[in-house]
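Each chain, letter by letter, is given below.
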Amino acid sequence: MMQELSLNVLDVAENSVSAGASLIEVEVWEDPKADLLTILIRDNGCGMTEEQVRQVTDPFYTTRKTRKVGLGVPFFKLAAELTGGSFSITSEVGKGTETKAVFVRSSIDRMPLGDMAETMVSLIGCNPDIDFIYRYGFGEALFEADTREFREILGDVSLAEPQVRSFIREFITENMKATGETAVAEE
Amino acid sequence: MKSLEELKALRDQMKNKVGVREDDSNNTRVVVGMATCGIAAGARPVLAAFTNEIEKRNISNVTIAQTGCIGICQFEPVVEVYAPDGTKTTYVKMDAEKAVKVVCDHLVNGKVVTEYTIGANV
Chain A
1 MMQELSLNVL DVAENSVSAG ASLIEVEVWE DPKADLLTIL IRDNGCGMTE EQVRQVTDPF
61 YTTRKTRKVG LGVPFFKLAA ELTGGSFSIT SEVGKGTETK AVFVRSSIDR MPLGDMAETM
121 VSLIGCNPDI DFIYRYGFGE ALFEADTREF REILGDVSLA EPQVRSFIRE FITENMKATG
181 ETAVAEE
Chain B
188 MKSLEELKAL RDQMKNKVGV REDDSNNTRV VVGMATCGIA AGARPVLAAF TNEIEKRNIS
248 NVTIAQTGCI GICQFEPVVE VYAPDGTKTT YVKMDAEKAV KVVCDHLVNG KVVTEYTIGA
308 NV
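From first to last, the protein sequence lines stand for chains A and B. Per this note's numbering, residue 1 is the first one in the first sequence, and the count goes up by one each step. Per this note's numbering, residue 188 is the first one in the second sequence, and the count goes up by one each step.
Treat the hints with caution; some may be incorrect.
What the hints assert, rightly or not - Which bits of chain A does chain B cover? Going by a derived footprint, with three or more residues having C-beta under 8 angstroms, they are:
| # | segment |
| --- | --- |
| 1 | 1-12 |
| 2 | 22-30 |
| 3 | 35-47 |
| 4 | 119-133 |
| 5 | 165-179 |
Unchecked claim - Some, not all, of what chain B presents toward chain A, calculated at C-beta under 10 angstroms:
| # | residue |
| --- | --- |
| 6 | 191 |
| 7 | 193 |
| 8 | 194 |
| 9 | 235 |
| 10 | 252 |
Since the hints were made in silico from the structure, they are not lab data. Keep in mind the model is a prediction, meaning the values are calculated, not measured. Ideal placement from N, C-alpha and C gives every residue a C-beta, glycine not left out.
Starting from the given sequences, assemble the full structure and let the hints guide the process.
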C-alpha cells in the first residue's frame with residue numbers, strides 16, 4: 001500500500017504517461033459539506049478496450065513484461081473502498097481514460113492526501129513534453145496550475161530544469177494552502 | 188505567494204544557461220524507477236533529493252529522468268546513473284540521504300559509491 005493518496009495519484013498518472021497521453025489532468029476536490037474527497041485522473045492517451053477496463057482492477061493483470069502483477073490501480077481502488085467510497089474507470093480506445101476515486105473524507109481509514117505538489121513536480125519534471133493540468137478545489141475555492149501556461153512563459157527553458165521544478169513545487173504548495181484557507185474563511 | 192511573475196523572472200535569469208540537451212553527449216543521466224514498486228518504496232523523495240541537490244550545487248551537465256519497473260522490485264528505490272561514456276551504475280535501496288551522497292561523490296567527483304550499488308547488496 002502507499003502511505004499517502006498523492007503517491008497513488010503519482011502511480012496511476014504514470015499509466016497515463018505510458019498510454020502516450022499529451023495532456024493529463026489531475027483533480028482533487030475536497031468537499032467538507034458532503035464529507036467527500038474526490039480524485040480524478042484524466043488523459044487523452046491510447047485508452048483501453050472494455051475487456052482491459054474490466055481486468056485493470058485485478059492485481060494479477062498487467063501489460064508489463066517484467067513481472068506478473070499490476071498493483072497500481074488495485075491499490076488506489078482499495079484505498080477508496082476502505083473508506084466507504086467508490087472507484088470507477090471509464091475509457092475509450094483512441095480517446096483516453098478517466099479514473100475516479102471517491103473517498104469518505106472523515107473516515108478513519110482515509111489516508112492523508114499527502115504532498116500533491118511533489119507528485120505534480122515529479123510528473124511534470126520527468127515528462128517535460130507532456131502537458132499537465134492540476135486542479136485543487138476546497139468547497140467553493142479553486143486553484144489551477146497548467147503547464148501550457150508555464151511553457152508559454154518559459155519559452156526555450158525546459159520544465160525539467162531543477163529551478164523550474166522548485167518554482168512549481170512552491171507555486172502549488174502555497175496556492176493549495178491559500179485555497180484551503182480561503183474556503184475555511186468563507187464558511 | 189508565488190506568482191507567474193516570478194516564473195518570468197526565473198526564465199530571464201536562466202535564458203543564458205539553456206543549452207543542456209537530452210542528447211548532449213557530455214550529459215550524465217540519472218534515471219529513477221517510478222513504477223508502483225518504486226513509488227511505494229520511496230522513489231519520490233529520492234527523485235526530489237536528486238533535483239534539489241543538483242539545483243543547490245548548480246550542476247548543469249546532468250539530466251534526471253524516470254523509468255518504469257525494471258524487474259528488481261525488492262531492491263527499490265532503484266536509481267541508474269548513465270555516464271557520458273555509456274557505463275551504467277545501478278544503485279539500490281536508495282533514500283534521500285543516499286541520493287545526496289551519490290550527487291556529491293559520483294556526479295561531482297566521479298567516484299562511484301560502491302556500498303550503495305547492486306553489486307554490494309546482493
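So, going through the hints one by one against the coordinates:
For the segment 1-12 of chain A, the proposed coverage by chain B is satisfied: 5 residues have a C-beta within less than 8 angstroms of a C-beta in that chain, meeting the threshold of three. With a cut-off of 8 angstroms between beta carbons, the segment 22-30 of chain A has 0 residues touching chain B; three or more are needed, and the interface restraint is violated. With 0 residues bearing a CB less than 8 angstroms from a CB of chain B, the segment 35-47 of chain A misses the requirement of three and the coverage assertion fails. Only when three residues or more bring their CB closer than 8 angstroms to a CB of chain B does the claim for the segment 119-133 of chain A stand; here the count is 6, and the claim holds.
Given as covered by chain B, the segment 165-179 of chain A passes the check, having 8 residues with a CB less than 8 angstroms from a CB of that chain where 3 are the minimum. With its C-beta approaching chain A no nearer than about 6 angstroms, residue 191 of chain B sits inside the 10 angstroms limit, and its interface hint holds. Annotation: residue 193 of chain B was flagged as interfacial toward chain A, and the flag holds, the nearest CB pair being 7 angstroms apart, inside 10 angstroms. The criterion of a C-beta within 10 angstroms of any C-beta in chain A is met by residue 194 of chain B, whose closest approach is roughly 5 angstroms, and the hint holds.
Against a cut-off of 10 angstroms between C-beta atoms, the interface hint on residue 235 of chain B holds, since the closest Cβ of chain A lies about 6 angstroms away. The closest approach between the C-beta of residue 252 of chain B and any C-beta of chain A is roughly 6 angstroms, which is under the 10 angstroms cut-off, so the hint is satisfied.
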